[in-house]
Amino acid sequence: MSAVRRQACRWICDLLLDVLPERQEMWAHAIRAEADAIADDGAALLFALDALRGIVLLSLSERLFAGFAGLLRRLSRIMPAADQAAGGSSAGHHGIACAIGAVCLGLAYLHAAGAPLHMLAINVGALLAGVAAVMIWTRMPAAPAHERGLAILFMSFALLATALGGAAVDGASRWMTMGPLAIQPSLILLPAMILLFAHDRGPVATAGVLFAALALAVQPDRAMAGVLVAGLTVLAIARRDRFVLVALAASALAFLVAMIRPDPLPAVPYVDRILYTAFDLHVAAGAAVAAGAALLLVPALHGLRFGSHDRTPFMVFGAVWLSIIVAAALGNYPTPVVGYGGSAILGYLLSLGALARAARVPIAARAAPRSPEAAPARDARSPFAPHLA
Amino acid sequence: MSQPRALSLQTRKVLSALLDEGRSGAHGYEIIQRVGIKSGTLYPLLMRLADQGFLEAEWRAPEVAGRPPRQVYRLTASGVELARRNLPEPHPSVDPLSGAAPA
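Keeping their order, the protein sequence lines are chains P and H. This note's numbering numbers the first residue of the first sequence as 1 and each following residue consecutively. This note's numbering numbers the first residue of the second sequence as 1001 and each following residue consecutively.
These are computed hints drawn from the structure, not numbers from a lab. Quick reminder that beta carbons are idealized off the backbone N, C-alpha and C, glycines included. Careful, some of the hints might be misleading.
Claimed, not checked - Derived Cβ-Cβ restraints for the label pairs, each shown as a range:
| id | chain 1 | residue 1 | chain 2 | residue 2 | range |
| --- | --- | --- | --- | --- | --- |
| 1 | H | Ala1065 | P | Leu15 | 43 to 51 Å |
| 2 | P | Leu15 | H | Thr1076 | 25 to 33 Å |
| 3 | P | Val19 | H | Gln1010 | 38 to 46 Å |
| 4 | H | Arg1085 | P | Ala43 | 28 to 36 Å |
| 5 | P | Ala121 | H | Ala1077 | 47 to 55 Å |
| 6 | P | Ala129 | H | Gly1036 | 30 to 38 Å |
| 7 | H | Ala1077 | P | Asp40 | 21 to 29 Å |
| 8 | H | Gly1053 | P | Trp137 | 42 to 50 Å |
As the list claims (entries may be wrong) - Partial pick of chain P residues on the chain H-facing surface, computed with a CB cut under 10 Å:
| id | residue |
| --- | --- |
| 9 | Leu15 |
| 10 | Asp18 |
| 11 | Glu22 |
| 12 | Met26 |
| 13 | Ile38 |
| 14 | Gly42 |
| 15 | Ala48 |
| 16 | Gly54 |
| 17 | Tyr276 |
| 18 | Asp280 |
Stated by the list, open to error - Facing chain P, a subset of chain H residues (Cβ under 7 Å, in silico):
| id | residue |
| --- | --- |
| 19 | Tyr1043 |
| 20 | Met1047 |
| 21 | Arg1067 |
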């Protein structure tokens, strides 16, 4: 028995050598020598075991910190546009850091609440996919205004297709099934769509918003219809034109229809109403969810505080995500990013990409081009101009 | 060389123990027995202090023949200064209000 303990002690010291980086291997040798000098085998084993525990925890925390810091550095390099738009600050990578922080806090809640592991994996997968999408999007050259209008129109067709042929539950058709996953296109597309509309409005983009409003009334989706009204109301306050007013009127009508129609869907565990249930679980779980939800608004507050050019996109972004959080608090709607469901995570990251796009060009340079030749001239002023080469 | 803003009680106790040992230094297990902490707490703490330049380590030949060499830890000049500024507060042996020793 004594020999077994001593052998186990040596194995642990070997493991320490593997855990520690080369520059710190001296400590593993020191611990081994110290354990060898302890006469009592049991005490030596406990000594080595506890040293391993402490050093593994230290090593893990250092690696996590280094990984997170490296990720932030990379993000700050690929999102300079939003940074410059925010007066040389770091709204862009702050936004993605907020998304990562909110998802991590949500994972802590889901784990504490006993959610199945596949739910945690789906949230992590959505986060990775969303970050990758934003990276690609923000590195691409800016599309001309008419293409942005077409993008809004295609997004609205996706919402209409969901309303007419999506997966239905208790009379609501808000989801599309993709293999084992059920995604909610309105939560993924609508926030980015509203920010794109705030960026560039025209007849095609406005038609897209009208179709989206119709789709939300048909689904029915009170929460996202309310989000559309909130985003467009803030936009109308900041930038009133006929396109915004038409879109706002249509969205208000859609919201009214959605409110009149019955919505008997019950709350889904780990998805809906977790702002309340998390506090029932534990005050720390509740604090994690509340802090995660608050993090979602930080990019808007940061942009409003430090933005030097046009603050409208930040106001719209804040209105959109605040209204999604409020809807989740008031009804049986998904609690964004911190709750289970990749749709809100993807939607948040895509809207960050749209925010970076919308915020990077000074308002004076953002008038719709009179001719196709005008677009490259505008893009040349953008911080993304080097990517156009 | 960076200096930690606030030292934990355990760090202050370890610094105090090493301060008492002076230039002769102390082995890891000796510090553990003297301060009353576990190896999983001591070694990360020693590693941080060494990284910050407050601690130096030296391999020393064993006092008993046949044993392997062991590492001895002692404070550097800046470590001594840090330890002196952060001595652990003694436990109150007298009630400051009544003047009586606690039961």
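Here is how each hint holds up against the structure:
| no. | hint | result |
| --- | --- | --- |
| 1 | H:Ala1065 <-> P:Leu15: 43 to 51 Å | violated (30 Å) |
| 2 | P:Leu15 <-> H:Thr1076: 25 to 33 Å | holds (30 Å) |
| 3 | P:Val19 <-> H:Gln1010: 38 to 46 Å | violated (22 Å) |
| 4 | H:Arg1085 <-> P:Ala43: 28 to 36 Å | holds (34 Å) |
| 5 | P:Ala121 <-> H:Ala1077: 47 to 55 Å | holds (52 Å) |
| 6 | P:Ala129 <-> H:Gly1036: 30 to 38 Å | violated (50 Å) |
| 7 | H:Ala1077 <-> P:Asp40: 21 to 29 Å | violated (37 Å) |
| 8 | H:Gly1053 <-> P:Trp137: 42 to 50 Å | holds (46 Å) |
| 9 | Leu15 | violated (14 Å) |
| 10 | Asp18 | violated (16 Å) |
| 11 | Glu22 | violated (14 Å) |
| 12 | Met26 | holds (7 Å) |
| 13 | Ile38 | holds (6 Å) |
| 14 | Gly42 | violated (14 Å) |
| 15 | Ala48 | holds (8 Å) |
| 16 | Gly54 | holds (3 Å) |
| 17 | Tyr276 | violated (37 Å) |
| 18 | Asp280 | violated (34 Å) |
| 19 | Tyr1043 | holds (5 Å) |
| 20 | Met1047 | holds (6 Å) |
| 21 | Arg1067 | holds (6 Å) |
Checked against the numbered hints given earlier, the structure breaks hints 1, 3, 6, 7, 9, 10, 11, 14, 17 and 18 and satisfies all the rest.
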